[in-house]
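From first to last, the protein sequence lines stand for chains A and B.
When the letters of the first sequence are read in order and numbered with UniProt numbering, they come out as residues 1 to 435.
When the letters of the second sequence are read in order and numbered with UniProt numbering, they come out as residues 1 to 262.
In case anyone wonders, no lab produced these hints; they're calculated from the structure.
Source: prediction; values computed, not measured.
Take these hints with a grain of salt, some might be off.
[Said to hold, decoys possible] Partial list, computed: chain B residues near chain A (C-beta under 8 Å): (1) Ala13; (2) Ala40; (3) Val163; (4) Met166.
We treat Cβ as the ideally placed atom computed from N, Cα and C, and that holds for glycine.
Read off the chains here:
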Amino acid sequence: MSRSSYLQPDTIALHTGYQPESDHGSRAVPIYQTTSYVFDNVDEASSLFNVEQGGHIYSRITNPTVAVLEQRIAALEGGSGAICTASGMSALYTTFITLCSAGDHIVSSAQIYGSTATLLRHTLKRLGIDCTFVAINDQDAVKAAIQDNTKMVFCESIGNPGLEVADLDAICERAHANGLPVVIDATFATPSLCRPIEHGVNVVVHSATKWMGGHGVAVGGVIVDGGNFDWKESGRFPELTEPYAPFHGMKFWEEFGPSALAMRMRAESMRDLGAAMSPHNAFLLLQGIETLELRMKQHVINAHELMNWLNENDAVSWVNHPDLETNETHEVAKRLFPNGAGSMLCFGVKGGRAAGAAFIDALQLGSNLANVGDSRTLVLHPGSTTHSRLDAEQMKAAGISEDMIRVSVGIESIKDIKADFAAGLKAAQRVAEAS
Amino acid sequence: MELQVNGVKSYAATGGKEFDSSLPTVLFLHGSGMDHRAWALQTRWFAFHGFSVLAPDFPGHSLSAGEPLESIEAMGEWLVDFLAAAGVKKAHVVGHSQGFLSALELAKNVPEKVMSLSGIGTAAAIPVNPALIETAQASAAKAADLMLQWGFGPGAQYGVSAVPGMQPIAIGRQIMSGNPLATDLIACSNYESGSAVAEALDIPTCLVLAGKDRMTPLKAGKALAGLMNAQVTVLPIHGHMLPVEAPKECLQALRDFISSRG
Numbered sequence: 001m002s003r004s005s006y007l008q009p010d011t012i013a014l015h016t017g018y019q020p021e022s023d024h025g026s027r028a029v030p031i032y033q034t035t036s037y038v039f040d041n042v043d044e045a046s047s048l049f050n051v052e053q054g055g056h057i058y059s060r061i062t063n064p065t066v067a068v069l070e071q072r073i074a075a076l077e078g079g080s081g082a083i084c085t086a087s088g089m090s091a092l093y094t095t096f097i098t099l100c101s102a103g104d105h106i107v108s109s110a111q112i113y114g115s116t117a118t119l120l121r122h123t124l125k126r127l128g129i130d131c132t133f134v135a136i137n138d139q140d141a142v143k144a145a146i147q148d149n150t151k152m153v154f155c156e157s158i159g160n161p162g163l164e165v166a167d168l169d170a171i172c173e174r175a176h177a178n179g180l181p182v183v184i185d186a187t188f189a190t191p192s193l194c195r196p197i198e199h200g201v202n203v204v205v206h207s208a209t210k211w212m213g214g215h216g217v218a219v220g221g222v223i224v225d226g227g228n229f230d231w232k233e234s235g236r237f238p239e240l241t242e243p244y245a246p247f248h249g250m251k252f253w254e255e256f257g258p259s260a261l262a263m264r265m266r267a268e269s270m271r272d273l274g275a276a277m278s279p280h281n282a283f284l285l286l287q288g289i290e291t292l293e294l295r296m297k298q299h300v301i302n303a304h305e306l307m308n309w310l311n312e313n314d315a316v317s318w319v320n321h322p323d324l325e326t327n328e329t330h331e332v333a334k335r336l337f338p339n340g341a342g343s344m345l346c347f348g349v350k351g352g353r354a355a356g357a358a359f360i361d362a363l364q365l366g367s368n369l370a371n372v373g374d375s376r377t378l379v380l381h382p383g384s385t386t387h388s389r390l391d392a393e394q395m396k397a398a399g400i401s402e403d404m405i406r407v408s409v410g411i412e413s414i415k416d417i418k419a420d421f422a423a424g425l426k427a428a429q430r431v432a433e434a435s
Numbered sequence: 001m002e003l004q005v006n007g008v009k010s011y012a013a014t015g016g017k018e019f020d021s022s023l024p025t026v027l028f029l030h031g032s033g034m035d036h037r038a039w040a041l042q043t044r045w046f047a048f049h050g051f052s053v054l055a056p057d058f059p060g061h062s063l064s065a066g067e068p069l070e071s072i073e074a075m076g077e078w079l080v081d082f083l084a085a086a087g088v089k090k091a092h093v094v095g096h097s098q099g100f101l102s103a104l105e106l107a108k109n110v111p112e113k114v115m116s117l118s119g120i121g122t123a124a125a126i127p128v129n130p131a132l133i134e135t136a137q138a139s140a141a142k143a144a145d146l147m148l149q150w151g152f153g154p155g156a157q158y159g160v161s162a163v164p165g166m167q168p169i170a171i172g173r174q175i176m177s178g179n180p181l182a183t184d185l186i187a188c189s190n191y192e193s194g195s196a197v198a199e200a201l202d203i204p205t206c207l208v209l210a211g212k213d214r215m216t217p218l219k220a221g222k223a224l225a226g227l228m229n230a231q232v233t234v235l236p237i238h239g240h241m242l243p244v245e246a247p248k249e250c251l252q253a254l255r256d257f258i259s260s261r262g
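Chain A extracted, bound-state conformation (with noise of 0.2 Å):
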């Protein structure tokens, strides 16, 4: 069970959010390939409208198809409500524009996506929004980053690609004690090994792309909203607590209290930014979800038998993953991820850039592509790619090296992704000898 279902994630990820419907009684979630809905009467539109009644209205503020996604993340994560954006990038750029106006400052983790880290520096700041950037385990640090503008800490539970894990107990004492929620993209996580609520944080954020999805052909994001910060004890969000001209002075704390944020960013946000989930998406999306649990296992099994495989080779100069010992957040990783802690590790060969290279080139199996969390294996160069935009100083904080290679381990057989990376050690080995 989560905090808001009392069924067991396997069968949360199988039934929540939809009951056969009465018309048909399609046993599958039914696409409902529409933009808009017919309304009763215009007394009816009107309550919509006005927020007088659930329903929906319009595809790019609610779906019935996205909403039973949004309705089963939420419950996996223990949620009061959750949005499900275009991406897992609008989902972020929707938090951040919802809770933060010109003026106001976030006080983020170093070691993000580097898409997160270049809206953070460059595009939000264009809007009068700062970012402090922290080493996120240094509580000294978030304490001395927070200003009286700040309006949120903001983290990702493994950072991508250093794989620090973020000690969300410790930050959310920091940022609570400070009136400051805590945001945190969980994407490299999913609910199945790691629900962040149920250790204080108030916002969770997901590509949905990713693990999530699992098979790599919708691209998604989603928001939950924990509903466990009191916007208005805090004393920094009118956003929530004031009234709200757009919906006749709407003061979203008093009328929807654990929802105010959800609600808040379904009036606004998917109104004014658009960035809405297409139901095909969606049900995309669905079809992933319901092997989540099974997959995340698997995922972990595999990513432990590689790293340790990749641990003892000698074409490898290191290898890194949070269930590693030497891993600087290996404890942090015991305590919050039980099951393990991802499938993502990183690695460096020895040879450098050039040995690196020729191991990805050299890889059958593995796909070099821009993307984690497929039920495929994935590998990437960060340095030369979803990293490149981060100057030397920048690189080094946000924990990479120029040999490093990255690799979402899929859920191939070890044996096939095993032989596929010795092919892929043994050309790097001999541009190592040969330079």
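With chain A held as given, fit chain B onto it using these hints.
Okay, now just chain B, sitting in the frame of chain A:
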């Protein structure tokens, strides 16, 4: 809005519009451990359709200060003072579960102020298992879990929600965990005069009952209806948490009943 009741700060939701005592008033009363948010999907409709709305948090609940009231009778007395503080001369009164018991007491105390009485998911008596009370005394969150497992019907347990994307169980859990649930449950359990008060009423009454209600079973609700000669609507597939679980159906029944009485 905030108002002082017997010198204590009290909060009442007004459905998104300023309270206007010149309009017919509808008073919404929440159940054990809950607050005004139980009525989020009923209050706005009334407030925007010619009524004024008050959905108070009982003392010590959510946005209202003060000590929680220890008996249903005390709640009924507090409601008399609350209506006076708000300047309400007459009101249609709607109560969910325990909220209806306190509405009965209000109607007993000041029948001239109650234009109609509506009960949602309720009965004349709501006995509470002592084990649940003990659990609530130790941990409101644990008791809330037990109650929500029983309280929501099968659809809600499978995550079906009247508001797209929302999880009513989590919302209920969050609210109930922070409120004086044990005090409310004891008050409910100790209240024994519901049948007598209901039978003596001479006020138009309406009940909305749930076929899958495991906290105030349909049979008990129908018995109450018989005592009051109440108009009854039965929602067969829903559970006890009707205002949240079946908000549209509840609203429809209430607006039909209350609107017909002006």
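List in ascending order the numbers of the hints, as given earlier, that are violated by the structure.
Of the numbered hints, all hold.
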